[in-house]
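*Asks:* One letter stands for each residue in the lines below.
There are 4 protein chains.
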Amino acid sequence: MDGKQTGKIPPMGWNSYDYYDTTVDEKAIRANAEYMAANLKEYGWEYIVVDIQWYAKNPGSRREEHQYIPFAEVEMDEYSRLLPDADRFPSAAGGKGFGPLADYLHSLGLKFGIHIMRGIPRIAAHRHDAILECLVTADEVAIANSICYWNPDMYGVKNTPEGQMYYDSLFRLYAEWGVDYIKCDDICRYDQPSAKAEIAMISKAIRRCGRDMVLSLSPGPAKPEEAWYYEKHANMWRITDDFWDDWRLLKDMFKRCEVWQEHVSPGNYPDCDMLPLGRLGKGFGHERNTRFTYEEQKTMMTLWCLFGSPLMLGAEMTLLDEDTLALLTNREILAMLHTDNVPRQIYREEDRAAWKAVNIRTEDCYVALFHLGDEEELQVEVELDELGVPEESNATELWSGETCEVRQTLEAKLPAHGCAVYLIKNNTGKS
Amino acid sequence: MDGKQTGKIPPMGWNSYDYYDTTVDEKAIRANAEYMAANLKEYGWEYIVVDIQWYAKNPGSRREEHQYIPFAEVEMDEYSRLLPDADRFPSAAGGKGFGPLADYLHSLGLKFGIHIMRGIPRIAAHRHDAILECLVTADEVAIANSICYWNPDMYGVKNTPEGQMYYDSLFRLYAEWGVDYIKCDDICRYDQPSAKAEIAMISKAIRRCGRDMVLSLSPGPAKPEEAWYYEKHANMWRITDDFWDDWRLLKDMFKRCEVWQEHVSPGNYPDCDMLPLGRLGKGFGHERNTRFTYEEQKTMMTLWCLFGSPLMLGAEMTLLDEDTLALLTNREILAMLHTDNVPRQIYREEDRAAWKAVNIRTEDCYVALFHLGDEEELQVEVELDELGVPEESNATELWSGETCEVRQTLEAKLPAHGCAVYLIKNNTGKS
Amino acid sequence: MDGKQTGKIPPMGWNSYDYYDTTVDEKAIRANAEYMAANLKEYGWEYIVVDIQWYAKNPGSRREEHQYIPFAEVEMDEYSRLLPDADRFPSAAGGKGFGPLADYLHSLGLKFGIHIMRGIPRIAAHRHDAILECLVTADEVAIANSICYWNPDMYGVKNTPEGQMYYDSLFRLYAEWGVDYIKCDDICRYDQPSAKAEIAMISKAIRRCGRDMVLSLSPGPAKPEEAWYYEKHANMWRITDDFWDDWRLLKDMFKRCEVWQEHVSPGNYPDCDMLPLGRLGKGFGHERNTRFTYEEQKTMMTLWCLFGSPLMLGAEMTLLDEDTLALLTNREILAMLHTDNVPRQIYREEDRAAWKAVNIRTEDCYVALFHLGDEEELQVEVELDELGVPEESNATELWSGETCEVRQTLEAKLPAHGCAVYLIKNNTGKS
Amino acid sequence: MDGKQTGKIPPMGWNSYDYYDTTVDEKAIRANAEYMAANLKEYGWEYIVVDIQWYAKNPGSRREEHQYIPFAEVEMDEYSRLLPDADRFPSAAGGKGFGPLADYLHSLGLKFGIHIMRGIPRIAAHRHDAILECLVTADEVAIANSICYWNPDMYGVKNTPEGQMYYDSLFRLYAEWGVDYIKCDDICRYDQPSAKAEIAMISKAIRRCGRDMVLSLSPGPAKPEEAWYYEKHANMWRITDDFWDDWRLLKDMFKRCEVWQEHVSPGNYPDCDMLPLGRLGKGFGHERNTRFTYEEQKTMMTLWCLFGSPLMLGAEMTLLDEDTLALLTNREILAMLHTDNVPRQIYREEDRAAWKAVNIRTEDCYVALFHLGDEEELQVEVELDELGVPEESNATELWSGETCEVRQTLEAKLPAHGCAVYLIKNNTGKS
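Just so you know, the sequences run in chain order A, B, C and D. Per numbering that gives the first Met the number 0, the first sequence starts with residue 0, numbered consecutively. Per numbering that gives the first Met the number 0, the second sequence starts with residue 0, numbered consecutively. Per numbering that gives the first Met the number 0, the third sequence starts with residue 0, numbered consecutively. Per numbering that gives the first Met the number 0, the fourth sequence starts with residue 0, numbered consecutively.
Hints in this document: simulated from the structure, not taken from any laboratory. Nothing here was measured: the structure is a model prediction, and the numbers come from that model. Take the hints with a grain of salt, since some may be wrong.
No copy is singled out in the list; a pair is fine if it fits within one copy or between any two copies.
[Claimed, not checked] 30 Å max Cα-Cα, derived BS3-like pairs, lysine-lysine: (1) Lys250 <-> Lys56; (2) Lys412 <-> Lys231; (3) Lys195 <-> Lys7; (4) Lys7 <-> Lys157; (5) Lys157 <-> Lys254; (6) Lys424 <-> Lys203; (7) Lys231 <-> Lys424; (8) Lys424 <-> Lys250; (9) Lys250 <-> Lys203; (10) Lys412 <-> Lys203; (11) Lys254 <-> Lys203; (12) Lys157 <-> Lys281; (13) Lys7 <-> Lys412; (14) Lys250 <-> Lys157; (15) Lys231 <-> Lys7; (16) Lys157 <-> Lys203; (17) Lys254 <-> Lys231; (18) Lys56 <-> Lys222; (19) Lys7 <-> Lys222; (20) Lys254 <-> Lys195; (21) Lys412 <-> Lys254; (22) Lys281 <-> Lys250; (23) Lys424 <-> Lys40; (24) Lys195 <-> Lys222.
Whole structure, please, built from the sequences with the hints as guidance.
*Replies:* Shown next, in the form of structure tokens:
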């Protein structure tokens with residue numbers, strides 16, 4: 000992707016979905032942003048992302064029946080472009096869109112992201128609405144059989160000059176607002192034939208819009224044989240369907256990371272999805288603390304950071320407890336999250352796994368051992384010659400801070416679903 | 000299916016699709032009906048079926064791009080029910096629908112059929128239009144992710160009391176018009192989850208409407224494991240996707256008939272689709288005579304009749320030539336088309352096949368031999384003991400009228416893609 | 000299938016597998032046969048079937064590792080035909096095969112069946128052993144890539160005159176022994192390309208062997224689109240993989256019977272597999288009483304009998320308890336098991352189902368109501384107009400013997416996994 | 000893969016299959032080796048690979064029926080290890096195996112490769128043959144249901160210590176012989192469950208055998224989601240099923256290279272399969288010159304070299320014509336074949352494609368334009384800004400040697416199935 004983001008640290012931020020579902024509003028966004036600026040920014044957390052249906056009227060009002068109310072009213076401009084619902088986002092009133100909110104976030108030193116659905120609103124196609132600076136109307140760029148299965152709002156857009164004009168008009172608007180990050184949904188696993196072309200159209204629209212934006216693709220699972228295509232056009236792509244606080248999903252992520260381990264590079268981040276930590280689920284009608292045990296939380300943070308996944312927090316930040324905050328601000332763990340640390344799985348069995356990440360400059364080596372089974376305690380080990388480090392090495396376990404001398408085999412007794420992660424420094428003088 | 004049609008002869012008629020595509024009009028319907036009444040009715044042909052998009056404005060006007068123009072205008076009443084386009088069907092003006100046309104056909108001694116798409120018009124759902132005698136509006140019965148892949152007009156209907164009310168309102172209207180036959184499309188091969196339930200809803204609506212109607216399901220291929228379900232709810236179901244004048248499709252039909260041979264019974268007719276004979280393709284922009292050779296045409300007629308498929312002629316009847324007319328009016332061949340004649344494949348190989356149909360009352364036996372290969376001539380044979388007839392029998396070949404004595408083996412030299420079909424009368428006195 | 004069995008009652012008998020796995024011996028067969036003759040024969044039970052690996056040496060001796068020991072020694076004659084292991088079947092010594100045992104069973108008024116694997120022994124192919132009266136050796140009829148996934152003994156046989164000669168030689172031997180029933184395994188679900196042709200070869204070999212034999216095909220699930228083929232060549236075909244005493248499998252059988260309901264006819268019996276009742280599992284190292292509750296056992300017997308499945312008992316009969324014996328000798332329930340009673344599912348939902356079977360001669364109607372859910376009690380009902388019986392009828396519940404008057408709706412409160420089955424006699428004088 | 004080959008140029012050599020099928024002998028191997036040493040070695044060609052069934056007696060003697068004669072005699076030592084058929088490889092007589100032949104090739108400055116089938120000979124398992132230094136016999140390490148579909152010789156090997164001992168014994172023998180390259184077949188696309196584990200077992204056996212060997216996996220197509228696994232254990236893996244001289248297969252390779260473009264790195268070579276050039280097909284009974292046109296041959300060489308595939312010539316070298324020799328000795332084209340040149344597809348459409356490869360040290364840029372359609376001539380182009388080179392650059396077309404100045408767009412008129420490939424040198428002084 001020419002002109003695409005090529006940072007060496009994957010995006011770190013917060014996303015409204017896990018707590019608010021479709022119901023987030025401006026007040027909540029501001030409160031979370033303020034919390035992040037005060038407490039997390041210094042550790043690298045910087046994106047605030049407004050997730051799905053910010054354009055919908057009364058979203059969530061029929062939640063028992065519908066996550067997304069079909070055929071419902073949406074806020075839209077005269078050019079078939081969705082706008083924030085001004086009832087929920089008062090600063091958007093008068094056609095100002097997300098501009099004022101983005102400005103406020105920027106003033107806090109943060110970056111602003113929004114979720115969009117691939118496509119053009121169905122209602123615009125049925126009403127033959129206009130497209131900015133385009134001679135044809137929405138019905139001429141919409142694809143009548145390209146829909147999203149789980150959301151009723153949009154039709155896919157044709158890969159034609161007029162279709163590109165529609166996407167260009169969207170991103171021109173987002174650039175005007177000051178958007179830094181786009182999470183585009185219904186586009187990553189190619190349920191619909193047009194989705195693949197739409198990735199390239201959106202990528203081109205971003206290059207043309209005159210503003211840097213991270214492009215994040217959802218939902219997953221992405222297709223391994225299309226890795227080259229995601230890398231060409233996007234920055235992040237989900238390697239999983241929605242991830243929640245369920246051990247089976249976390250255990251399953253080890254298999255997904257195995258498949259994608261060779262595709263992490265500057266600007267390219269296979270995405271393990273949001274971190275369902277802390278307080279979750281209010282908009283879904285199931286407000287709760289995360290169901291992950293603390294061992295599972297450490298396992299998740301260790302895998303995401305060593306593998307190099309983007310980190311997007313799902314918790315309502317204003318309700319964060321101390322333990323969760325500690326997890327999110329552990330500088331030793333977060334330090335793994337850099338593309339100089341090249342992640343590789345050493346082995347994966349039903350009940351255990353080991354990963355390493357060797358720093359290409361310093362040759363420091365991170366090693367993580369995981370107990371994936373349900374036994375109360377399990378010894379997990381790895382031979383040092385698999386790591387390429389000397390047979391006698393010193394290792395520091397990063398969660399505990401303890402140091403040990405290792406001969407030939409690094410081993411740890413781990414609790415169920417738990418992990419240990421070690422840093423073995425290279426002593427040969429490279430840096 | 001309680002109350003469903005249980006005739007012993009499958010429906011025989013004419014369908015507008017193969018010649019007119021979406022563009023048929025009242026004048027054409029009347030002309031074809033008059034031809035049928037004058038020339039074919041006495042042989043059993045009686046249905047006249049108006050195929051797809053009789054409700055569309057200017058259908059076919061953008062034929063290079065679209066068979067079905069998306070998001071285009073349709074004729075619809077205030078209760079979300081599609082009506083005939085009065086520009087094409089003048090007698091429908093003033094809200095009279097197909098009533099006057101049905102009356103005319105009935106006056107000719109014919110029966111009247113229409114094509115419908117499963118579902119409710121998309122535009123009605125987006126506009127929140129009313130449903131007859133129902134408290135909720137169209138958006139409440141439409142399923143936003145149940146669409147047809149190849150036609151943009153409808154959303155599937157929910158399996159709820161309100162959804163049933165919509166279908167009931169449709170069939171009440173069709174009964175008022177005098178419809179005798181419904182070809183319901185996008186419902187047979189279950190591309191969409193709601194389609195299976197919609198078959199039962201439509202079946203119930205027909206029982207409730209107070210008028211006998213044949214229910215024909217499209218497109219195929221139907222699913223063999225659902226045979227019991229089609230038989231419970233419908234009269235005909237397509238065992239193939241659209242059938243055209245292409246030898247590969249005709250050869251393939253032998254495999255399909257093999258699978259479905261046990262599911263032909265009074266009122267239940269696995270459907271081999273229209274007969275693409277005579278003059279075809281005008282509405283598709285490829286007007287032509289059928290591409291089938293005369294041998295292939297006889298092979299098709301023989302298979303359809305012996306197997307017991309409905310016969311729906313695709314030709315523009317006013318342009319019928321003598322040879323085709325002779326094919327359609329051969330009383331010996333048409334006589335096979337009765338459920339007393341139980342069809343069974345004897346064998347099928349790459350280049351040849353044999354079928355029999357034994358009459359359960361008379362024990363007369365039909366035998367058909369087919370050359371399915373491309374060799375100029377091939378001998379095809381069947382042992383008499385496979386037929387359950389005496390080792391010395393007399394047989395009459397029905398297309399030629401020739402009679403022969405057979406000892407042990409019935410054999411024929413057949414031209415490429417050709418057939419012979421014999422009647423071996425039972426001489427034991429049963430009748 | 001010309002010359003195939005066309006009885007109106009599906010085969011009823013006993014099979015050694017559920018209790019003995021591969022380890023059954025002559026003593027056990029005789030003991031069970033004697034029990035059947037004394038206690039069950041008068042109710043219609045008559046087949047005694049010796050299941051898998053009667054030809055194997057020391058079967059079961061490495062049961063932890065292998066159900067079937069690969070590359071192990073087998074008893075075989077000079078013509079590549081497997082023989083009973085004389086260590087386990089002493090009467091087979093001296094090349095007498097199963098003849099003496101069959102004679103004994105016949106002397107008890109019973110019938111004798113054996114299990115075979117499709118194909119020719121692998122070792123015969125590798126050793127180039129002879130085939131009876133055939134010029135070529137075993138390697139020339141074996142198909143090197145047609146194997147069974149779960150049993151290591153055989154290669155598939157080529158569909159050639161020499162392959163047919165091998166099967167003919169097998170069935171000539173079985174006819175000499177006096178075999179009445181063949182359960183042929185690895186042949187029904189077509190895991191391997193040659194299996195379909197082998198069905199026809201075996202069918203032909205049976206016709207040629209001069210002795211009537213029931214042909215039973217395993218394992219399932221059979222393919223609905225091949226129903227016509229099974230009916231042409233066999234008498235029974237499994238519609239399920241191995242069935243055991245697990246409620247999920249029993250519940251699942253309702254779906255399978257739904258699919259196959261139209262394929263029960265004289266001589267043709269879709270097969271729900273053995274009845275895992277009474278004492279089970281010794282050869283598997285898990286001897287136990289059936290895990291089915293008594294309600295589940297009644298549900299199973301009701302479904303199998305109403306649907307018309309063959310009944311093959313899995314219990315060790317010499318250990319039968321009174322309750323199980325009562326289940327197996329209930330004449331009212333067993334009376335449903337006749338092809339004059341045509342089975343049809345009325346409906347099936349997640350938690351309940353209803354079936355009927357109408358007698359084509361008497362028009363008596365059986366109705367079964369099933370509670371398929373886990374709720375302690377559930378009311379299940381059916382409208383009389385679905386049954387075609389008068390709106391006021393008398394019904395007798397067959398398990399309890401209780402009689403009731405029914406108006407419009409037949410309903411019953413049923414315990415979890417339980418059933419009720421009624422007989423509604425036709426009073427119009429038909430018989 | 001620890002200790003695995005990490006050369007920066009993929010293996011280049013010759014393979015006996017395309018010309019000899021199963022029938023190659025020592026004389027042919029020596030003649031081809033001598034030709035290579037004299038004519039091709041200086042251009043980098045160095046491997047001579049003996050392909051399938053060098054252990055078989057009379058291979059090809061029943062070629063009409065069988066490519067691989069089932070249950071036929073093979074040359075094998077007392078430890079279940081296949082040996083070269085001494086009738087065809089006389090120097091192998093007396094148990095010397097391929098040692099003398101390997102020595103001769105080494106004396107010519109060449110390297111020696113052999114093809115093996117995954118697994119242990121079936122006959123060894125059925126005979127319970129010994130395994131070197133192992134307490135158990137062949138039947139204990141063979142997997143009775145792990146076979147190759149298209150070759151009847153072997154059973155898969157269990158992933159147990161004893162199974163590993165068998166593979167270790169094989170590679171110890173190959174090391175003694177002096178084998179440099181192993182093409183292991185029936186192992187890459189995982190038709191059978193054991194194949195994945197066998198890759199790791201073979202990889203381990205190579206590390207243990209004390210001799211460097213290239214490990215090449217066949218047949219394809221390999222699985223993109225297993226890329227990491229092939230890279231860990233092997234050097235080459237086929238991304239296609241057998242490739243032959245058919246334009247459809249060559250066109251299809253563009254899609255395959257697209258998928259695998261990111262997986263070429265030192266020691267890791269996705270493999271486009273042999274080059275079917277020159278004289279081919281004698282062993283198959285269809286001796287011929289390649290069916291590829293000269294344009295297609297250049298297209299193939301260009302794609303294989305730019306992409307970085309191994310180059311394995313299929314032609315009988317002693318019959319090489321001048322034109323083919325020129326193709327194989329074009330130093331400018333062969334220079335692309337180095338992992339410093341990182342290949343990337345620029346675009347691929349139905350009728351055209353463009354690729355680049357940028358040298359990571361010099362930043363020189365190769366660009367290839369391909370006409371994949373059937374039109375006599377087509378203009379194909381690429382924008383210079385896609386290449387990252389200056390808007391005004393000089394380019395040399397490598398097949399013609401012609402130089403041109405390029406402004407913004409590099410374009411060429413190409414014949415059907417033809418290509419042009421340019422080198423654009425970096426002028427900024429890097430080297």
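*Asks:* Would you mind marking each hint as holding or not holding in the structure?
*Replies:* Hints versus structure:
no., hint, verdict
1, Lys250 <-> Lys56, "neither (38 Å within a copy, 44 Å between copies)"
2, Lys412 <-> Lys231, "between (42 Å within a copy, 27 Å between copies)"
3, Lys195 <-> Lys7, "within (26 Å within a copy, 34 Å between copies)"
4, Lys7 <-> Lys157, "neither (34 Å within a copy, 43 Å between copies)"
5, Lys157 <-> Lys254, "between (35 Å within a copy, 23 Å between copies)"
6, Lys424 <-> Lys203, "between (43 Å within a copy, 28 Å between copies)"
7, Lys231 <-> Lys424, "between (34 Å within a copy, 24 Å between copies)"
8, Lys424 <-> Lys250, "within (29 Å within a copy, 49 Å between copies)"
9, Lys250 <-> Lys203, "between (36 Å within a copy, 28 Å between copies)"
10, Lys412 <-> Lys203, "between (50 Å within a copy, 28 Å between copies)"
11, Lys254 <-> Lys203, "between (32 Å within a copy, 23 Å between copies)"
12, Lys157 <-> Lys281, "between (37 Å within a copy, 29 Å between copies)"
13, Lys7 <-> Lys412, "neither (33 Å within a copy, 41 Å between copies)"
14, Lys250 <-> Lys157, "between (39 Å within a copy, 27 Å between copies)"
15, Lys231 <-> Lys7, "both (16 Å within a copy, 25 Å between copies)"
16, Lys157 <-> Lys203, "within (14 Å within a copy, 40 Å between copies)"
17, Lys254 <-> Lys231, "both (24 Å within a copy, 16 Å between copies)"
18, Lys56 <-> Lys222, "neither (34 Å within a copy, 42 Å between copies)"
19, Lys7 <-> Lys222, "both (23 Å within a copy, 29 Å between copies)"
20, Lys254 <-> Lys195, "both (25 Å within a copy, 15 Å between copies)"
21, Lys412 <-> Lys254, "within (22 Å within a copy, 47 Å between copies)"
22, Lys281 <-> Lys250, "within (25 Å within a copy, 37 Å between copies)"
23, Lys424 <-> Lys40, "within (28 Å within a copy, 45 Å between copies)"
24, Lys195 <-> Lys222, "both (11 Å within a copy, 21 Å between copies)"
The structure fails hints 1, 4, 13, 18 (numbered hints given earlier, in ascending order).
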